[in-house]
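A.B. asks: Keeping their order, the protein sequence lines are chains L and Z.
Here the first sequence is numbered in this note's numbering, starting from 1 and rising by one per residue.
Here the second sequence is numbered in this note's numbering, starting from 1001 and rising by one per residue.
Hints may be right or wrong, so weigh each one.
With a Cα cut of at most 20 Å, we get these calculated EDC-like pairs of lysine to aspartate or glutamate [claimed, not checked]:
1) L/Lys-103 <-> L/Glu-139
2) L/Lys-348 <-> Z/Glu-1022
3) L/Lys-215 <-> L/Asp-245
4) L/Lys-45 <-> L/Asp-86
5) Z/Lys-1059 <-> L/Glu-442
6) L/Lys-348 <-> Z/Asp-1087
7) L/Lys-404 <-> Z/Asp-1087
8) L/Lys-404 <-> Z/Asp-1012
9) L/Lys-404 <-> Z/Glu-1063
10) L/Lys-348 <-> Z/Glu-1025
11) L/Lys-334 <-> Z/Glu-1063
Just so you know, these hints were derived from the structure itself, not from any lab.
Only a predicted model underlies this, so the values are computations on that prediction, with no experimental measurement involved.
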Amino acid sequence: MSLLKKLTNSGLRVKFIAIIFLLIIANGTIVSYYLISKQVENLEKALVEKGSALIEVLAINCEYGVFIENEAVLKELIDATALAEDISYIVIQNLEGEVLASKARGNTKIPIGTSHVSDQNSLIVRKVTEDSREGYFYELCYPVVTKQTLISKESLGSINNSHGHVVTETIGEVRLALSVASTMTKAMANIRMAMVIILLVMTFTILLTFGLVNKIVRPLEKLAAASEKIAEGDLTIDIEIGRPDEIGLLASSFDTMVKSLLESRREIEGYNRTLEEKIIERTKELENAQTMLIQTEKMAAVGQLSAGVAHELNNPLGGILGYAQYTLEKMNKKPFVDNTDRDFEAYKKHLRDIETQARRCKTIVRNLLKFSRSTAKIDLNDVNVNEVIRETLSLIEHQMSMNKINLAVDLEEAIPIMQANAGMLQQVFTNMIINAIHAMEESGNLLITSRYSPGVGEFAGAVEISFADDGSGIPAEIQKNIFEPFFTTKAIGQGTGLGLSVSYGIIKDHGGEIRVESVDSCGTTFTIILPLENIGEDTDITRRGKESLADGTVNDQETSAKTESQD
Amino acid sequence: MKPDARILVVDDEAIIREFVSEVLEPLDVVQAVNGQDAIDQIPVCIPDLIITDIKMPIKGGEEVVKFTKQFNAKIPVIIITGYTSLDIASECIRMGADGFLAKPFTITQLREEVNRCLEGKV
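Sequences and hints are given; from them, build the entire structure.
C.D. replies: Laid out in structure tokens, this is it:
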């Protein structure tokens, strides 16, 4: 059973060979068996026929001897007959079973008995199996008859006695044993010869089968191996069988198929490459567009800040212009030598005032430029979020006071330095404050806080910056839309609709998130969560930040820090 | 320029207050740091002229103009502002302000505006 299973699971070559081998063996065995049995049967038949002829002649010849029961006569007959070597014994006996003469070859024991052949008056052939020895022999029995002409009393003395009645009478029998062994010995030589020939033919056939199977299976195996390689993705194989038959045709079709497959794959790879290039190109375009979008939104914020910034500049400029003119006027009033020490002290004070105010202007202009600068090159630096908030406020504070907004700032001074892009964060904070200003319209209160949280949601450690206003609030039904690009509730010209979406993108790039809580008509709180550790390894900002970390920007030490609350 | 005139300068920017005070010497210049401060001082010092900024914490220039005109409509008020937008300035003029100076202004502009207002008052 397991052998059958093994055979079922084995390769084509083994199956072929096993089946053909079994068929040849079976065929050889059947043919040999048939030939041998036929040969033996024929030999035995010939032997019996020969024995029949012998026994018939002997029976006729020994009529007289039996009739007179003369052993010498009979012995002579037997000796003449028993010359054939396959005769085991000859017995001539009378009807009573009394042996009249006999002859046995070697020490063959003659079985005693009668075959009662006289009852049938014809040849009896019996196959006798010997108990003592393996094998058998044929015993032929033939009646010995005598013919007597009975002449009636009436015809006695007549010359013509043709009218006499002939009577056939059995007077004894002849038993002749034919040994098969010697015949078989002769036959076996022939059988052996036949067997050798059959074996030779079988061997030859098996060898031929091997060759034939190889001839069929080998290219198939080659094809199978090739298919396996193709399945593994290797299309560079070349199946060269070079045969004009069906297998050769199959191989060449296979080869053609593989070649066209290879061509298709190359074509697809070509397409893929083109596609990849296109994706890279489009990604770059998209990045550029995004950078432009961020910049556009920033410029829009700058536009909204301009009034406040102008006011911020005009105050120190007023001082500069005034003191410069005033000093000049005073110095022009009298000759230089007439100036007293007190005068000079006054001039010095005015010049110091001018210098201070000019520095103030410089700081404002620099902050504005810094804010306006394109963020196409994103840098990650050590950033103190509080500093960024303060810088933002320096640009926007007057905007707030113009809108009668009371600003309260509560910054936790112990917040850790983090890796971030200060310019981008400033843009986000500006946007948050501008939105708060718009939400509060006439007047209101804005509370800006920063604090460090060891764990917020999924973030292990983060800085939280919140902007809480008591303005109009965001209706619940539009809260889900506020981060969508171009979504705005502001009048045309008041907002781009990009502020929050750009802010969201920037904070996402920092690995953080923006949360919003709002109660309609009561105010809104935006909370920005900036994780300290897990700025995503794969974000643009991290990658570019790492690239540009080496040439990090100079930290601004002269940032104006007006953070006192205006309550 | 009326030599004994008392002028109240209202601005949250110290530099502006000081500069205006110095330029207007020898006039008697009193300073207020925001609108509320000004409203508190007006009934006490009774200035002849008020020079006020608009954008100031707690109370702005509008309130100062409003209060002054209620207190004594004859006291002239000059608005000084750094805003380029003139919306608030025109609102102040509408409320009764007498003069307007956009920051940064020259000392000549300041003196002329002060003289004009004081003479007008006289």
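A.B. asks: Compare the structure with each hint and give your call.
C.D. replies: Here is what the structure says about each hint:
1. Between L/Lys-103 and L/Glu-139, the direct Cα distance comes to roughly 14 Å. Compliance with the 20 Å bound is thereby established for this hinted pair.
2. Simply put, L/Lys-348 and Z/Glu-1022 have alpha-carbon atoms about 14 Å apart, close enough for the 20 Å limit, and the pair holds.
3. Distance restraint check for L/Lys-215 and L/Asp-245: the Cα-Cα separation of roughly 11 Å lies within the 20 Å cut-off, and the hinted pair is therefore satisfied.
4. The hinted pair formed by L/Lys-45 and L/Asp-86 meets the criterion: a straight-line CA distance of about 14 Å does not exceed 20 Å.
5. With a C-alpha separation of about 14 Å, the suggested pairing of Z/Lys-1059 with L/Glu-442 holds against the 20 Å cut-off.
6. Annotation: proposed proximity of L/Lys-348 to Z/Asp-1087 is violated, straight-line Cα distance about 38 Å (limit 20 Å).
7. With a CA separation close to 15 Å, the supplied pair L/Lys-404 and Z/Asp-1087 stays within the 20 Å bound.
8. Under the criterion of a C-alpha separation no larger than 20 Å, the hint pairing L/Lys-404 with Z/Asp-1012 is consistent with the structure, at around 15 Å.
9. With a C-alpha separation of about 13 Å, the suggested pairing of L/Lys-404 with Z/Glu-1063 holds against the 20 Å cut-off.
10. At roughly 18 Å between alpha-carbon atoms, L/Lys-348 and Z/Glu-1025 fall within 20 Å of each other, so this suggested pair holds.
11. With a C-alpha separation of about 42 Å, the suggested pairing of L/Lys-334 with Z/Glu-1063 is violated against the 20 Å cut-off.
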